[in-house]
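Sequences listed follow chains X and H, in order.
Position 35 of the first sequence, counting from 1, maps to 35 under our numbering, and the rest follow consecutively.
To convert, count from 1 in the second sequence and add 1000; that's our numbering.
Take the hints with a grain of salt, since some may be wrong.
[What the hints assert, rightly or not] Here are a few chain H residues that face chain X, going by a calculated C-beta distance under 7 angstroms:
#1 His1010
#2 Arg1014
#3 Ala1039
#4 Pro1154
#5 Ser1157
#6 Arg1171
Derived from the structure by calculation, the hints contain no laboratory data.
In this text, a Cβ means the ideal position worked out from N, Cα and C, and glycines have one as well.
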Amino acid sequence: MPFAHALGGTRYNFDNLATLLARATPLRSGDALAGLAAESAAERVAAQYALADLPLGAFLNEAVIPYEDDDVTRLIIDGHDRAAFARVSHLTVGGLRDFLLAAEDVSGLGLTAEMVAAVAKIMRVSDLIAVGAKARVVTRFRNTLGLRGTLSIRLQPNHPTDDARGVAASVLDGLLLGAGDACIGVNPATDNIETVQRLLEMLDMVRGRFDIPTQCCVLSHITTTMVALERGSPVDLVFQSIGGTQGVNESFGVSLALLAEAHDAARARHPGANVMYFETGQGSALSANAHRGVDQQTIECRAYAVAGRYAPLLVNSVVGFIGPEYLYDGKQILRAGLEDHMCGKLLGLPMGVDVCYTNHAEADQDDMDALLTCLAVAGVNYIMGVPGADDVMLAYQSTSFHDGLFARAALGKTAAPEFEAWMARMGLGGDAIPEALSPALIGL
Amino acid sequence: MSNALELRRHTMARVALGRVGVAQPTAAHLAFQAAHAQARDAVWSEAALIGDVTVRSQARDRREYLLRPDLGRKLAEGIVLPAAPGALVFVVADGLCATGVAAQAPAVIAAARPLLGMAIGPVVVALQARVALGDAIGEAMGAAAVAVLIGERPGLSAQDSLGLYLTWAPRIGRSDAERNCISNIRPGGLSALEAAQKLAWLLAAAQGLGATGVALKDDMPATPLLGP
């Protein structure tokens, strides 16, 4: 269906919903690279006007990627909760923005991924923070994540050769600085099954010896984790990178059926727990040439629709990792991180964000401090904790253990309650390592 | 009580930094800033690359190079390259770190020359180049294979790392799945000689197979073919 809006004497036409969404998106390099971005600032605002006038029901009548061609579209349409949607079904996109900013409770509205993407496009940063802060999503494994007043941290102790002692040293360093309540999660340098099993056993040993109320994860490909699970390795969380089109998921080597199978297997091991951990990020579909003419922020929201199907413990956008051809600078990364957080939360996900950048992006620590602070105000469930913010395996910069302490202190937040109690029990906080966390206990 | 500083024995990660309030002490903070500054400068660096011919991609400057990877894969208009039918062509490409390439590439090529069992064409310097620019260069020269030596994205701990991508029968449109990669070539990583040995092994295998990429499984013996 075509759309149009006149601005300053010029009439701007948009051929279909996907084009309208793309042209309405605040500028980012990935949409320009895909040839989807508005050609002028005026065209962008004209598209935002046209989008604001669009009734939400239009998103149920026109798919951005055809239903017949794409299993993510089918998941969204077939899974739509029309009863929940009744509360907002009379609104336009602009009306939804006003509703979200005025309402106290913004959860369970039956919004689809594309509706949420659309409303974000006509929001400012402060809107993204305010609405994001209203949507609380609480998940549970060995502790409780996402409660109001908490900010959790994934301890990310990566090592370039997966050396077990090297990983363990970073784990202990992070624990001493209050990180690790979201999970202790290692990105392995290789997807080798023996290496993955060795890391899983080491992490489980550390968790057991120190009696930490948290969960561990080795972020290997889901098929590798499933083999580890079958072999009896101590798998807590099943990790997978996912995207918002069938094609990008195929490029990741996953299908919806595979995700369901892995979820069921892990859930059988840990009844009642949220057992999945997903990572996403704007631009991954274009990178895999699987974007289907849809802008990267809309596809990101479709990835959240996928994640929501499997009751995850943790979902985070790895917002600045992908590089400057998708998010060029600190300004684009900041906005994208806040969009991702709010959109994920509106879709019911326990959103974290990897506040991060690479060395070829036009960004630095000051940009990350700004995004971190905005996300903490917005009530992000968790961030990353990397020794000194420098990931020596993945060669990018994320947030440090210190950054986590800063965000908690600046906003009066604590770790997850079970983890907070554990820290008090262990006597954490001084300069020396408490006896209960002696390196010798974990073979260091 | 143990001292946290002992954790540094086990990892190159920035552990045991200490703390002032909730922040990093000045020494740790400035060490990070210094490493990031060097990495940033490396991305934007220009360096004299040595070769027989110089070409450019369609990316006109570094900013466009970063924003438009598609242009970095295309040869600028009007470039005439010498023919090198049936040869291996080395492409020395700036990639994301020209200084790293300038420092490592000549040693890799010199080490490889005596080890390769085929003719070697003119060395082509390529500026504002992505890996796939080698396909356009190799095709234009009629090369049997192209080895692109390219600057890898600088990290905080290494700003001089080189990657080598070998593509058999280079043609515009080849995918990355049709290449073999040797990465982390630098002092402290893979040495120039080790990289050259690996290239020689891959090239011989590619000659036999008539292909590179996923079809060419890298099962080179772990022991070096020559002494260190």
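Going through the hints against the structure:
Satisfaction of the interface hint for H/His1010 is found here, the shortest Cβ-Cβ separation to chain X being roughly 4 angstroms, below the 7 angstroms cut-off. At about 3 angstroms, the closest approach between the beta carbon of H/Arg1014 and any beta carbon in chain X falls short of 7 angstroms, and the interface hint on this residue holds. This hint holds: H/Ala1039 has a C-beta 4 angstroms from the nearest C-beta of chain X, less than the 7 angstroms allowed. Of the supplied interface hints, the one on H/Pro1154 holds, with its beta-carbon coming within about 5 angstroms of a beta-carbon of chain X, less than 7 angstroms.
For H/Ser1157, the shortest C-beta to C-beta distance to chain X is roughly 6 angstroms, which falls under 7 angstroms, so the interface hint holds. Annotation: interface hint on H/Arg1171 violated; nearest CB of chain X at approximately 18 angstroms, more than 7 angstroms.
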